Every structure is written in C-alpha cells, then in structure tokens.
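Peer 1: Sequence:
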Amino acid sequence: MLDVADDFDALTALEAGRHGDPFALLGLHDKRLLVLANGARGVEAVSAADGSPIATLHPVGQGGLFMAEIAHPVPYRLRIDWAGVIQETEDPYSFGLLLGDLDLHLIAEGRHRDLARCLGAHVTSVGDVDGVRFAVWAPNAARVSVVGDFNAWDGRRHPMRNRPPFGVWELFIPRLRAGERYKFELLDRDWRPLPLKADPVGLQAEPAPATASVVPDPTPFVWTDEAWLEHRSERQSPASPIAVYEVHASSWIRVDGRQPDWEDLAERLIPYVVDMGFTHIEFLPIMSHPFGGSWGYQPLGQFAPQGSLGPPRAFARFVDRCHEANLGVILDWVPAHFPTDAYGLARFDGTPLYEHADPREGFHHDWNTLIYNHGRHEVRGFLIASALFWLEHYHVDGLRVDAVASMLYRDYSRREGEWIPNMYGGRENLEAISFLQELNTIVAERCPGTLMIAEESTAWPGVTAPAAAGGLGFSFKWNMGWMHDTLDYLKHDPIHRRHHHHEMTFGMIYAYSEKFMLPLSHDEVVHGKGSLYRRMPGDEWRKCANLRAYFGFMWGHPGKQLLFMGGEFAQQREWDHDSSLDWHLLDNERHRGVQRLLRDLNRIYASHPALYAQDTVPSGFRWVVGDDAEQSVFAFLRFAAGAAPVLVVSNFTPVPRYNYRIGVPHAGRWRECINSDATSYGGAGMGNSGQAFTTGEAAHGLPDSLVLTLPPLATLMLTVAT
1 MLDVADDFDA LTALEAGRHG DPFALLGLHD KRLLVLANGA RGVEAVSAAD GSPIATLHPV
61 GQGGLFMAEI AHPVPYRLRI DWAGVIQETE DPYSFGLLLG DLDLHLIAEG RHRDLARCLG
121 AHVTSVGDVD GVRFAVWAPN AARVSVVGDF NAWDGRRHPM RNRPPFGVWE LFIPRLRAGE
181 RYKFELLDRD WRPLPLKADP VGLQAEPAPA TASVVPDPTP FVWTDEAWLE HRSERQSPAS
241 PIAVYEVHAS SWIRVDGRQP DWEDLAERLI PYVVDMGFTH IEFLPIMSHP FGGSWGYQPL
301 GQFAPQGSLG PPRAFARFVD RCHEANLGVI LDWVPAHFPT DAYGLARFDG TPLYEHADPR
361 EGFHHDWNTL IYNHGRHEVR GFLIASALFW LEHYHVDGLR VDAVASMLYR DYSRREGEWI
421 PNMYGGRENL EAISFLQELN TIVAERCPGT LMIAEESTAW PGVTAPAAAG GLGFSFKWNM
481 GWMHDTLDYL KHDPIHRRHH HHEMTFGMIY AYSEKFMLPL SHDEVVHGKG SLYRRMPGDE
541 WRKCANLRAY FGFMWGHPGK QLLFMGGEFA QQREWDHDSS LDWHLLDNER HRGVQRLLRD
601 LNRIYASHPA LYAQDTVPSG FRWVVGDDAE QSVFAFLRFA AGAAPVLVVS NFTPVPRYNY
661 RIGVPHAGRW RECINSDATS YGGAGMGNSG QAFTTGEAAH GLPDSLVLTL PPLATLMLTV
721 AT
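At position 91 of the sequence shown the residue is numbered 91 (the numbering used here), and the sequence of numbers has no breaks.
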C-alpha cells in the first residue's frame, strides 16, 4: 500500500465527493496514478498502444479510490472490473483544458452567441479519443459532477473541473455516446447536495414527465430549404400577407389514440395548413417542459425540443418540410419567467443564479414562476443564445415572445409594497427593456428576415419601433386591445350591439401606432371563456353566422392574421390540452362551411394586395360607413398601390339590409369575392348574385356608390371587376 498520509484529508474529501478540484489528485501526477471507481472490484492500467499491463491499482480507503505507482509513465487506459463486467476506457482525468479562454470570457460577459456549442453535452473527439464533453455554468457551486446511467447516477464518479473565475465546469468522458441520459449533481457553496439538475443548455431532453437531459446525436442535419430562406425576408415583410395558424402540437390531433410526434404532424398538419391557405404555423412553446398542463409556458430547457414529440432531428426535418411546402414556422418563446421545479434553473447552484434573489423582483404570483434576472450579463447571454439557437440551428422563421408586458413593468400584477422601483423611482423595468432591445437588435443583425413578435397587452409606446430609435425593436405586436374589444362586441345579442358600436371601430384610432397582428389565440378559448363558437350568441345557425361574419371582418381589417387551431371549423368545446380537437364536427355542414370560409378568406387575402400591402400605413384604409350604430353596419375600403381596392361590408344583425347605399371610389362592376352568407359556407345564400354595379350617385364622400343587399350576420368583400 502506498503511503498517502500526507494527502489523507484530500483523499477523504475526494472519496466523499467533496473535493473542489478533482483534477489536482485524479489521473497521473508525479508517477502516482489515482482513479476513483466507486463499486469497482479492481482497476488496472494498460498500455494505450497495445493493451499490455502497466500496473495494478490497489484500493485506498473505503470510498472507491485505487492507486498505483508508475515508474515510467506512458499513455495508458484503464481496465475496470465492475463485478465481472470489464470496461476498458481512457481516464477522464488524463485530459487537459477543454474550453478556450475566449469562450469563457464571452460566457462571463454575456456575449457568447453560440452558447450551445460550448456549454451542454457534445459528442466530440479529444485527440484520437471519442467521447462526450460536458460543460455547465455554476459559479457558486463547491462541486459539480456529471451523473447518468453510465455511472449509476453516482456524483462521486465524475466530478468536473472548475474554470475560475468564470464559474464554468467541464469534463470529457471518453467513449460515451449519443443517447445517454444525464444530469448534473451540484453541491452548494456549503457542500450541501442539491437536487439533480437538468442541463440548462441541454440540446435534447427525454420525454415528459421524465426530466433528464440526453446527449444529442452530433450528425449534422442536411437542409434543403435554400430557396425558402433566400426569399424569406420578402415573405415576412410588413407588406406581405401573413396568416398564422396557432397550434398546440400535442393536442391538434390524436393518431391511433396517442399524441402525435413530428413525423405525424409532418404528414397531417403541413398539408392541412397548406390546404387551408395559412402562410405560417405558430407553435405554443415546444421547448422541453415536463408539465404538460403549462402548455409549454413553463419550459425546463431553453435549447431542447419537447422530447415527447420526437428527437431534435425530427423537429428539424419538420421545419424543412414546412419550408418545402412554403410554410413559415414561428415558435412561442418564454424569456420572462421559468418554473420553480427543483430539477431546473431554480437556485441552480444553490443561489438565485438565473432569477432575482428578492421575490419582489424574482417571483410571479400569477404563474408561480421565477423571473429571469435580465440585468445579469450571463443570464442575458443565455436567453439571447437560446433565441438565436432556434432561429439559426433549426431555421425557425420567427419567435413570438411571451408575456412581454410582465417584463416591462416592475409592478406588473403586484400590489403596493410588493415591488421595487427602478433606480429612478419608476415602475419601468430598465434591465428588461434593455434586454429586449439588445435581443431584437442582435436577431435583426444575425437573422435578417426573421420575425420577432411581442405579446404585449398594454399601451407601452414603440414596441415595434427600432431599438436604435428608443423602441423595443419587435417586428409585430399582438393587438390585444382589438381582440378584447371585438370579442366583447360579438358576445352581445345583436339587439344590443348598437350600444357597443365603438368597440368595432376603436381599433382604427391607434391602428398605425404599431405594426399589429390580430390574434384570436389559445388564450381566448381556455379558463372558462369557452370556444369562439360558444361565445357567439344565439342558436347553432346564429353562432356559426356570427363567427363567419367576424372572420370576414377580421380578414379585411388592417393587421396580420392569427387564429388558434379549431377556430377555423367552429370548435364547440373549450380547448383541452389533453385531448384532440373535435374533428368529427366536420361531419356537420355548418362547421364544414365555417372551414370553407376560412380557406377562401385566406385565398382572397393572399391574392388581393389591398388586404395586406399597406397594413401599417393610413393610406391603406378608409372608413366608408363607421357610424351606423343603429343598424350595426360597418363598411371600409382597403387600398394598395397598383392594385384594385377591396370593399368590406359587415352586417352584425340578423336583419337583412336591402338597398343599402355605400360609396365607392371607382365606377363600374364590383365583384363579390366573399359573401359569408353563401350556402357553401352554411348560410342562407342571400346577397347580390355575385356582383353589383355603381349607380353614378356620390355617397360617403366618394364619387360613386353601390346599392347592396346586406345579408344577416354576414360580411361581404367586393372588388373592382377587371
């Protein structure tokens, strides 16, 4: 037995997994080879060249340490006897530093834009040895280990090397392969064990409700979407038609009684969305989230796709197939808050690392979640790197940023005394504002043509103004005010709508203050609100008619379009994330009619520039009839340079309006391109026989006019016939 009295305390700490610098002892030092192999029956050092024996290591103490003296050190491997199972491997503690100083400095400064390349788990080679390199940021931990099936989840087996002062821990485990499950075991600064943690920069996660990270397959995905990417900027500009189908991937449909995966969705969802004429699919968060009831809004992994939908390559293949079908892909992304789950980011290294320490800044009472510390460089860098990862690595076309309003205000949903003012005594969250500006600036520079969409529900100015001009720099903002006002109007019995007429017109007062998207999102069909269908008054016929008229009004209104799944065929039940949409409703002619209308609205929308090209400028819109509250009639014109104007007329009562005169800017025949009361849509077929001719009589300040029949609870779209 070697004399190790001088190192007794250090070896005892190493045996117990309480040594902060394992590389100082483990491996070969001054002819002494020390190996930690808890549970092994024996350890032998053999030649790396030919496998011949070099030395037999002897047990030291009772904690799994083995030691030998090697008089003439040569490259070696370890031959470990695990109770009869022989493992031959290189020594993890024989390898030098893994991450370069530049990477470490950029991580510490929050400026590493490719964080997923250096942190996390990566199949790689060090010299001629294959294995997996692990790295994690945990500056306040006393010890960090990699644990997994490969070491019986024993944190003493693979303690990592600390890289002070950067707070990054790293380790190369030779011969490990893709597909291994792993977590990090951390001891806090007082050497107390923390719950095992999933990898914050893990690129793959096991299926929920399990929470381990998975070593990803390093094989590069071969993309075929060059043509899509080349033209993406023009497809996604404010002057382009954008109609978004919002989807919760796990509940869109059931396949043989189970939740779909990416392959199922590629085969079923993509052709459906193409047939319906939408330009984009937007997914509720698909980042790894073990709790399905959060719908993805409490993500555990900001870099890993949801494991239950399939491996990362399957998601990449789905995006590629969307682009092949000329569909864009938008992901909901959550940089405002994260779950308190012990196996996640919460007190990751025993301190409030990603979150604020003070609950007045760091805890959301509404969602029981923790709030990112957007003033910390490393946290900002982590979130920006996550956004770039989805946009660059997966070729995603945009991110819808969740809960922006909660980020902008320090007193968001808080009573007096429950929040801390900013340095100037105000309620604005200066750090979060700066973060959003930096995020959107970097995305615009690195990923031109991609979309950044804000879910922002207040009157915060300049959400879509350039960050350089003091705005937040988003591409579009969800128009929550328009959505609330119009849905409130529609819920009233038609006899009372004349008292709420302004709710349908008010949106145009501020329509050009931002670049808006009109959202009928998942939030409007949950938590007891009922489906869009249920929110319409009247019997089945009137519910469907109201919904068709509303969709016609919406698709004619300035702003890009977004509709949550099921709305397109008048889903009756409130959305349930644990069950499929009620596709059987399409056996009913009225529901099938609503679906046909949506399909035709998307087709008309995309083929008439007047409906989209000037969404963000006042010259693209003119009220013709905005004050007929008594009859609940609205009429407006949409314009685009060099294109035929479109007249949109809505009658939100069940009473037909005959001989209704409406001013128009051009004489001649106007073609009825949409009539939501058409029999093919489940309506009564009342209208204008598909066309109308001007009378030569001026009206509403326009040089000519049409005399129309306005069907009950219906919207018409007419355009100048060519």
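Everything labelled a hint here was simulated from the structure, so no lab data went into it.
The reader is advised that the hints may include incorrect statements.
[As the list claims (entries may be wrong)] Straight-line Cα separation of at most 20 Å, SDA-like style, residue types lysine to any residue; simulated pairs:
1) K515 <-> H501
2) K529 <-> D493
3) K31 <-> R18
4) K31 <-> V74
5) K491 <-> G449
6) K529 <-> G470
7) K491 <-> P448
8) K515 <-> Q631
9) K491 <-> L520
10) K515 <-> E69
11) K515 <-> A467
12) K491 <-> K515
13) K529 <-> Q631
14) K529 <-> N688
15) K515 <-> Q572
16) K31 <-> A71
17) K529 <-> W295
18) K491 <-> D366
19) K491 <-> P461
20) K31 <-> E69
21) K529 <-> A468
22) K529 <-> E503
23) K515 <-> A71
24) K515 <-> G449
25) K515 <-> R235
26) K515 <-> D366
[Said to hold, decoys possible] Pair ranges (Cβ atoms, derived):
27) S434 <-> R313: 46 to 56 Å
28) E540 <-> T224: 29 to 39 Å
29) S579 <-> G61: 49 to 59 Å
30) D358 <-> P618: 21 to 31 Å
31) N140 <-> T224: 41 to 51 Å
32) A24 <-> E230: 25 to 35 Å
33) G61 <-> R313: 52 to 62 Å
34) L229 <-> D627: 30 to 40 Å
35) S413 <-> D149: 24 to 34 Å
36) D576 <-> R117: 49 to 59 Å
As the structure is a prediction and not an experimental result, all values here were calculated from the model.
Even glycine gets a Cβ: it sits at the ideal position worked out from N, Cα and C.
Peer 1: Evaluate each hint against the coordinates.
Peer 2: Hints, one by one, checked against the model:
{"no.": "1", "hint": "K515 <-> H501", "verdict": "24 Å, violated"}
{"no.": "2", "hint": "K529 <-> D493", "verdict": "17 Å, holds"}
{"no.": "3", "hint": "K31 <-> R18", "verdict": "24 Å, violated"}
{"no.": "4", "hint": "K31 <-> V74", "verdict": "10 Å, holds"}
{"no.": "5", "hint": "K491 <-> G449", "verdict": "38 Å, violated"}
{"no.": "6", "hint": "K529 <-> G470", "verdict": "37 Å, violated"}
{"no.": "7", "hint": "K491 <-> P448", "verdict": "41 Å, violated"}
{"no.": "8", "hint": "K515 <-> Q631", "verdict": "31 Å, violated"}
{"no.": "9", "hint": "K491 <-> L520", "verdict": "14 Å, holds"}
{"no.": "10", "hint": "K515 <-> E69", "verdict": "72 Å, violated"}
{"no.": "11", "hint": "K515 <-> A467", "verdict": "14 Å, holds"}
{"no.": "12", "hint": "K491 <-> K515", "verdict": "27 Å, violated"}
{"no.": "13", "hint": "K529 <-> Q631", "verdict": "28 Å, violated"}
{"no.": "14", "hint": "K529 <-> N688", "verdict": "36 Å, violated"}
{"no.": "15", "hint": "K515 <-> Q572", "verdict": "32 Å, violated"}
{"no.": "16", "hint": "K31 <-> A71", "verdict": "6 Å, holds"}
{"no.": "17", "hint": "K529 <-> W295", "verdict": "17 Å, holds"}
{"no.": "18", "hint": "K491 <-> D366", "verdict": "27 Å, violated"}
{"no.": "19", "hint": "K491 <-> P461", "verdict": "30 Å, violated"}
{"no.": "20", "hint": "K31 <-> E69", "verdict": "6 Å, holds"}
{"no.": "21", "hint": "K529 <-> A468", "verdict": "40 Å, violated"}
{"no.": "22", "hint": "K529 <-> E503", "verdict": "19 Å, holds"}
{"no.": "23", "hint": "K515 <-> A71", "verdict": "74 Å, violated"}
{"no.": "24", "hint": "K515 <-> G449", "verdict": "15 Å, holds"}
{"no.": "25", "hint": "K515 <-> R235", "verdict": "16 Å, holds"}
{"no.": "26", "hint": "K515 <-> D366", "verdict": "28 Å, violated"}
{"no.": "27", "hint": "S434 <-> R313: 46 to 56 Å", "verdict": "36 Å, violated"}
{"no.": "28", "hint": "E540 <-> T224: 29 to 39 Å", "verdict": "46 Å, violated"}
{"no.": "29", "hint": "S579 <-> G61: 49 to 59 Å", "verdict": "57 Å, holds"}
{"no.": "30", "hint": "D358 <-> P618: 21 to 31 Å", "verdict": "45 Å, violated"}
{"no.": "31", "hint": "N140 <-> T224: 41 to 51 Å", "verdict": "45 Å, holds"}
{"no.": "32", "hint": "A24 <-> E230: 25 to 35 Å", "verdict": "53 Å, violated"}
{"no.": "33", "hint": "G61 <-> R313: 52 to 62 Å", "verdict": "45 Å, violated"}
{"no.": "34", "hint": "L229 <-> D627: 30 to 40 Å", "verdict": "47 Å, violated"}
{"no.": "35", "hint": "S413 <-> D149: 24 to 34 Å", "verdict": "42 Å, violated"}
{"no.": "36", "hint": "D576 <-> R117: 49 to 59 Å", "verdict": "39 Å, violated"}
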